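Participant: All chains should be built: construct the whole structure from the sequences, respecting the hints.
Here is what each chain is made of, one letter per residue.
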Amino acid sequence: MTLKKPDLSVALGPLKLKNPVLTASGTFGYGQEFLDIIDPDILGGIVVKGLSLKPRAGNPPPRIIETPCGMLNSIGLANIGLDAFLQEKLPWLRDLNTNVIVNIYGHSIDEYGALASSLKGIEGIAALEVNISCPNVEKGGMAFGTDPDASARVTEEVLKNSDKPVIVKLSPNVTDIRVIAKAVENAGAHAISLINTLTGMAIDIKTRTPKLANISGGLSGPAIRPVALYLVYQVVRAVNIPVIGGGGIMDYQDALEFLLAGASAIQVGTAIFVNPRAISDIIEGLSTYCKTEEIFEIKTIIGDLKK
Amino acid sequence: MIDQKTEIIINKKIADGTYLLGLNAHKIVSTAKPGQFVMIRLTSENDPFLRRPFSISGIREDCLFIIYRVVGQGTRILCSLQKGEYIQTLGPLGKGFAIPRFDQKAVLVAGGLGIAPLVFLAQKIDPDRLDFLAGFRSAKDVVDIRVLGLKDVGLTLATDDHSLGQGGTVTKILEDLLLKPGQSAPIVFSCGPLLMLKQVVKITKKFRIECQVSLESSMACGVGACQGCAIKSASSYGTSYLHVCKDGPVFRSEALDWNKYDLKKT
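Chains as they are written, first to last, in our numbering: chain A, 513 to 819; chain B, 192 to 457.
Do not rely on the hints blindly, as some may be mistaken.
[To be verified] Simulated restraints on C-beta separations:
| hint | chain 1 | residue 1 | chain 2 | residue 2 | range |
| --- | --- | --- | --- | --- | --- |
| 1 | B | SER431 | A | ASP607 | 43 to 51 Å |
| 2 | A | SER728 | B | ILE201 | 39 to 47 Å |
| 3 | B | LEU386 | A | GLY593 | 29 to 37 Å |
| 4 | A | THR719 | B | ASP352 | 22 to 30 Å |
| 5 | B | ILE268 | A | GLY593 | 37 to 45 Å |
| 6 | B | LEU386 | A | PRO580 | 45 to 53 Å |
[What the hints assert, rightly or not] Here are a few chain A residues that face chain B, going by a calculated C-beta distance under 10 Å:
| hint | residue |
| --- | --- |
| 7 | GLY541 |
| 8 | TYR542 |
| 9 | ARG575 |
| 10 | THR579 |
| 11 | PRO580 |
| 12 | CYS581 |
| 13 | ALA735 |
| 14 | VAL739 |
Simulated from the structure, these hints should not be mistaken for laboratory data. The structure presented is a predicted model; accordingly, all values stated were derived computationally and were not measured. Glycine included, every Cβ here is placed at the ideal spot set by N, Cα and C.
Facilitator: Here you go:
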C-alpha cells in the first residue's frame, strides 16, 4: 500500500498555512538573503525582520557573541523602515507563494497603531506579528511585553488599526508568561507566538568588559529550547487561541516536540544561520515522520501529548 | 552562493599555529574572487554553534585553499580534521577586491594572517606591477607565500623582532615605498590587525591614493540576514552601519568611520 502524501497544513485562526514551518523574525531577512539555497515558497510562512515606522540603524557592534549551543545578539531591530519595506521588499515578497507575516515594532503604543494603520489594506501581507518582546531596544519592545496591561493595550491598538490577523510575540523574560498570554488573548489577538530571546550577557575576562557593546543581548539557539518548550506548554494550556512555538528548533524532531506540546505552528530562527537548509530539512522530516507513523494530517498531533 | 559538502584534501601546518586547508569545492571555486570568504561548519553538533568565516587564499582547479590560525575552539577543531574528512562550506560570500587595471601598480600590505586574502589577490596581478609587503611578529610566524604557487612576486618581509627580513613594521616600509620619487600612484590593498590597518589608511590618505581593506568580524549568517557584523560607515547622515559580510569584507577605506572602529571591542 502506498500512503498518500501527508497533509501538513495547519491553521492559525483565520490564517491557513501549507505547513507549520515559519521563519522567525530577524533570522531570514526579507526572504531574499538565502535565495540561492532556500526557495521561500516551500515555507508555511515568512516572518520578516522587525519593521519600524522609521529606519533604525541598530545597536553599536559587537552585536553577536557565540555561547555554548547558541548565541547572544544585540542587533537592536536594525531595519529599513516602513517606506523602504513597502517600496523595495514587499513587491517581491507579494509574488511568493507563501504567507508573508510582517513583524512590527514601535517605541510607543501610538507608533504600533500607526504602523498597523499604514499596513492596512495593503495586499500581500497575510498577518502582523506584534513584537512586544525585543530585549535590545531602550524604549518599547520588551518594556510592553513584560507588563500585562501594556501588552493588552498594544494588542488593542494594533487590532483597532488593522484588517489583518494579529499575532503577538511574547517575551520569556517574565515571572509568569500565562498572565501576559491571557491579557493578549483578552485584548483580541488571533494568535500568540513565543518565545523571543532570553536576556543574557557575556564578559571578556582579558579586557574585563562586556562582550556585547550593548552589554546585554538576547540568547537564542538550542541552548534555550527546553525553556521555550515549557513556556509554550504553559501558554497553550492558559489560552484558547493558536500558539506558534519556537526557540532553538534545529531539526524536525525539535519541531515535533513543540507541536506535541500544543503549538499549532513553529518558528525556525537561529538554526538558519548555521544551516540554511534546516528549514527544508524540517519540512521534509515532518512529512517523512507522518508517513512513517501513518499520520494523514499533521494537525492531529498538535497537543497530542500523552501523560 | 553555494552550500556544499567539501572534502578535505590537505590540512597541514605551515607556520607556528598556522595551517593551510585545501577543500575540494568545485561549485564554490567556479565563482570565487579574491577578497571573498566562506563560512565553514566545523561540526554537525551544536557546539561550537556558529559557522566560522575564512578568507579564500587561493583556488586551483577544483580546490579552494584557506590559510588559518588556531585561535579558539573552532579553529582547534578545524586543525584536528584529517585529509578525507568532510566539512560543510558556504560560499563564495561577500564583495571582494576591485582588481586593479592592467596599467595600475598595486601594493599589498599584510599584517600576520592578513596575508590570507592577499595571496589570492596577488595571483591576479602582474608580478611586475606588484609589491607585496608582509609583516609578522617573528620568523616562526612567517607564512611562505610560495605554498600557494606565488613564486615571482616581489616580496618584502618584515618581522617585529627583526628575526627575519627587515626589522620593523610594514607600514614604515609602505611609507618609504610611497616616498620614492618618480612612482606612479599605486592602489594599496591591506589586511591585518586593526592598529596596522588604521596606520595604512592614514598613510594612504596622506598620499591621496586609493586603499582597499579587508576586515574580519564575528558573524552568524555570513549573508546579510542577521546584521550581526555591523561596522560604522563614514556616512555623515547620522549613525549608519555597513555589514562586513555583505557590504564587505573588502571596503574602500573612505567608506568607514575609522574613529568609531573600537580597538577594545575587536
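Participant: Are the hints correct? Go through all of them and say.
Facilitator: How the hints compare with the structure:
Taking the beta carbon of each, SER431 (chain B) and ASP607 (chain A) are about 29 Å apart, not inside 43 to 51 Å as hinted. Under the hint 39 to 47 Å, the C-beta atoms of SER728 (chain A) and ILE201 (chain B), about 43 Å apart, fit the expected range. For the hinted restraint 29 to 37 Å between LEU386 (chain B) and GLY593 (chain A), the CB-CB distance of approximately 36 Å keeps it satisfied. At roughly 25 Å, the beta carbons of THR719 (chain A) and ASP352 (chain B) sit within the given window of 22 to 30 Å.
The given range of 37 to 45 Å is respected by ILE268 (chain B) and GLY593 (chain A), whose C-beta atoms sit roughly 41 Å from each other. For LEU386 (chain B) and PRO580 (chain A), the hinted distance range of 45 to 53 Å is not satisfied, since their beta carbons lie about 31 Å from each other. For the restraint placing GLY541 (chain A) at the interface with chain B, the shortest Cβ-Cβ distance is roughly 4 Å, inside the 10 Å limit, so the hint holds. The closest approach between the C-beta of TYR542 (chain A) and any C-beta of chain B is roughly 9 Å, which is under the 10 Å cut-off, so the hint is satisfied.
The beta carbon of ARG575 (chain A) is positioned within 10 Å of a beta carbon in chain B (closest approach about 5 Å), and the interface hint is therefore held. About 7 Å separates the beta-carbon of THR579 (chain A) from the nearest beta-carbon of chain B, less than 10 Å, and the hint is met. For PRO580 (chain A), the shortest C-beta to C-beta distance to chain B is roughly 6 Å, which falls under 10 Å, so the interface hint holds. For CYS581 (chain A), the suggested interface contact is upheld, since its CB lies about 4 Å from the closest CB of chain B, less than 10 Å.
With its C-beta approaching chain B no nearer than about 8 Å, ALA735 (chain A) sits inside the 10 Å limit, and its interface hint holds. Nearest Cβ of chain B to the Cβ of VAL739 (chain A): about 15 Å, over the 10 Å cut. The hint is violated.
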